[in-house]
Amino acid sequence: MAFDNLTDFFEMGRHGVYVWSVYGFSTVSLALITWSTLSKRHQIQETLRKRFLRDKTI
Amino acid sequence: MSWTWFHKLGSPKWFFHWSKSLALPLFGFGCICLLFGLVWGVAFAPEDYQQGNSFRIIYIHVPAAILAQSCYLALGLSGLVFLVWQMKIAPIFIKAVAPVGAVMALMALVSGAIWGKPTWGTWWVWDARLTSVLVLFLLYMGIIALQNSLNDVTLANKAVAVISVVGLINLPIIKYSVEWWNTLHQGATFTLTEKPAMPAEMWVPLLISTIGLYCLVAGLALWRMQTEILIREHRSNWVKQEVMKDGL
Amino acid sequence: MTYLSFIKTEFLVLWRRKQDVFNALLFFIIVVVLFPLGVNPSSDFLAPAADGIIWCATVLAILMAIEGMFKEDYTDGSLEQLVISGLSLSLLMLLKTTAQWLAVLLPLLLMMPLLAEMLYLPDGSFWVLIVTLVIGTPSLFLIGSIGAALTVSLKQGAMLVMLLMLPFYLPVIIFATSAVRAAQLGLPYLGLLAMLLAVFLLSLVIAPFMTAIAIKASTN
Amino acid sequence: MQSSAFLTISDLWIERGERDLCKRLSFDVFSGDVLRILGENGAGKSSLLKVISGAISPLEGKVFYGGQEVTNDRHSLQESILYLGHSAGVKKVLTVEENLRWYCPSVSSSELHSALEALGLLSLLDSSVNTLSAGQIRRVALSRLWLSKQKLWLLDEPFSSLDAEGVGILEKRIMQHTASGGAVILTTHQDLLSLHSRDISLSL
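Protein chains in written order, with the working numbering: chain A, 105 to 162; chain B, 32 to 279; chain C, 244 to 463; chain D, 53 to 256.
FYI, nobody ran anything at the bench for these hints, they're computed from the structure.
Among these hints, one or two may not hold up.
Said to hold, decoys possible - In the DSSO-like style, the derived pairs of lysine-lysine whose C-alpha atoms are separated by at most 27 Å in a straight line are:
1) B:K44 with D:K144
2) B:K271 with A:K154
3) D:K75 with B:K44
4) B:K271 with A:K144
5) A:K144 with A:K154
6) B:K271 with B:K119
7) C:K314 with D:K144
8) D:K201 with C:K251
9) B:K206 with A:K154
10) D:K75 with B:K271
11) D:K144 with D:K75
12) C:K251 with D:K114
13) A:K144 with B:K119
14) B:K148 with B:K206
15) B:K276 with A:K144
16) D:K224 with D:K201
17) B:K148 with B:K276
18) A:K154 with B:K276
19) D:K114 with B:K119
20) B:K51 with A:K160
21) B:K44 with B:K271
22) B:K51 with A:K144
23) C:K398 with D:K144
24) B:K271 with A:K160
25) C:K261 with D:K144
26) D:K75 with A:K160
27) A:K154 with B:K148
28) B:K148 with A:K144
29) B:K51 with B:K119
30) B:K119 with D:K75
31) C:K314 with C:K251
32) A:K160 with B:K276
33) B:K44 with A:K160
All chains, full assembly: derive it from the sequences and hints.
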């Protein structure tokens, strides 16, 4: 570990704000794109499944 | 040499089956790799003697920038593949990857700007690299906007392929012109390029997180392409079987 | 239809529609006037910025003019006739772009002495500015025609054309204004003009084909 | 078989957006033919004409012209095709004469005059198309049928917005054309009065 203790780790020699905001922003962006990808996928599958079930019963 | 594999690859059905079991492992491996690289970089890599701890932003900034460019390269190439061979999977790829590429460019831009504050003292410098990432982001937005405004699928496929190819040809010129312009305007500023040669403890985590992000983006791209294939091919029988069989 | 009758008709239509070209030029003048009024009218600010102002206004005016380039042809069905005419669609597109370019550029060049005076453009660089306009604007038209062709089927395509095309215009703007600036500083500028020329030649090779593909996709 | 038919369509399959049209359609066109394409709205009548003219590419299928396959290179076919679509391709800002000179630059003015006379447009020779009615604009587009020498005519709803007199004139012209060895493929919802046609039905 490059830091002596946790406080140092979070402060990063007064650069902590920058480093952590970058990591925070990136995590949020990646999470958002993953979430939108998976939810769209799920939604399409459900729509198609419902449509096929409806077609079958008719 | 037989070209059947090439045309097979171009068929959405074959691609769907082939990629179905691949997306999750790729994504998962990418996540783990990225996490490993980032933790190593942020907690264990030594401090940069010039920039201090702010240099740890590199573990996000550089992979995102590399991915943004690679995604555009891939878009341009698949645009070319579509215009030349009419491969059906190519426009699906473009539609699926463009938003991911835009997110990567945005991440590179934001991290670059935040990195700029402690390094240069301002949030934004018209540095050649930042400017060309900005242009790249605008190109992505253009592709997405075009894709969303054209309702006719056939037209949208062609249009997006055309603009990707033109972008691919233009990107080197844009980059060169911006770099050239920058030297005229700026003189010598700090650049991110002129770092002292990095020790291995610094670049190995960078390499790992880059590989991780590559895999993560590939997984995302496969998922998005599968979704798009389902939408486009929803009338065909194999989609029906596929959807009814299990939850995928 | 022959290439000759096509180009004749293009010029005839441009002549009948001269108000459109006139509007683009008027827009150009208004953008130029905005800078002294909105930023700073002193020659200290304007003289070094003159080339940049003129180039930015030119780019905007060209985008205005180019957006509607294929609109009327699309709605009245003549675009379809061009596609199936048996003539090379790329060549037709090149001819059409050339006609549009001439129609906008010639009046623009005529206005230049006046505008250069109004913006206090430094003496030595006027002719360099003219040369950059002559060899730089063809690239703008050629690349812009791709955007116009891609969005021809949309009712509100103007904004999209701007968004799509402006990134591609950057190199031209950069090389052109750098050449003028280099001339003002007494530095060699021929290399920059050569770069402009290279961009022009590259667009000449690629753009008509891409425009033709886009037109064919749009008309079906 | 292919030697006598100058245009052969085989196994055509057109895809338009979500729908498949004309699946497995094949037919021949012989000189002297009037081919009428029937079908409901959206059955792909216009698309079929556009595929033959080369404006859109079919998903599958082949087009032969004069015994040669021209599916991918329509150049030779397009030279002998005259296609009139829904929008007639008439420029509003030009006059009638200028419009016709655009498409047929090599005709003499006497030919031009007699064509316009046949359609009753002679007095409008130099009036701007802007001032004409829809039926008159349609007649301007149709006057190309009198002026050009193409062998195969593809006419998409040629009778729309024409009056009874105009329909009669057009049918007569089509008869002349087929009698001299040409061929016509047209789509229409009207019954043909004096023409004998072979019909092709497209079903959804």
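Structure versus earlier hints, numbers of those that do not hold, lowest first: As far as the earlier hints go, 1, 9, 11, 12, 17, 27 and 28 are violated by this structure, in ascending order.
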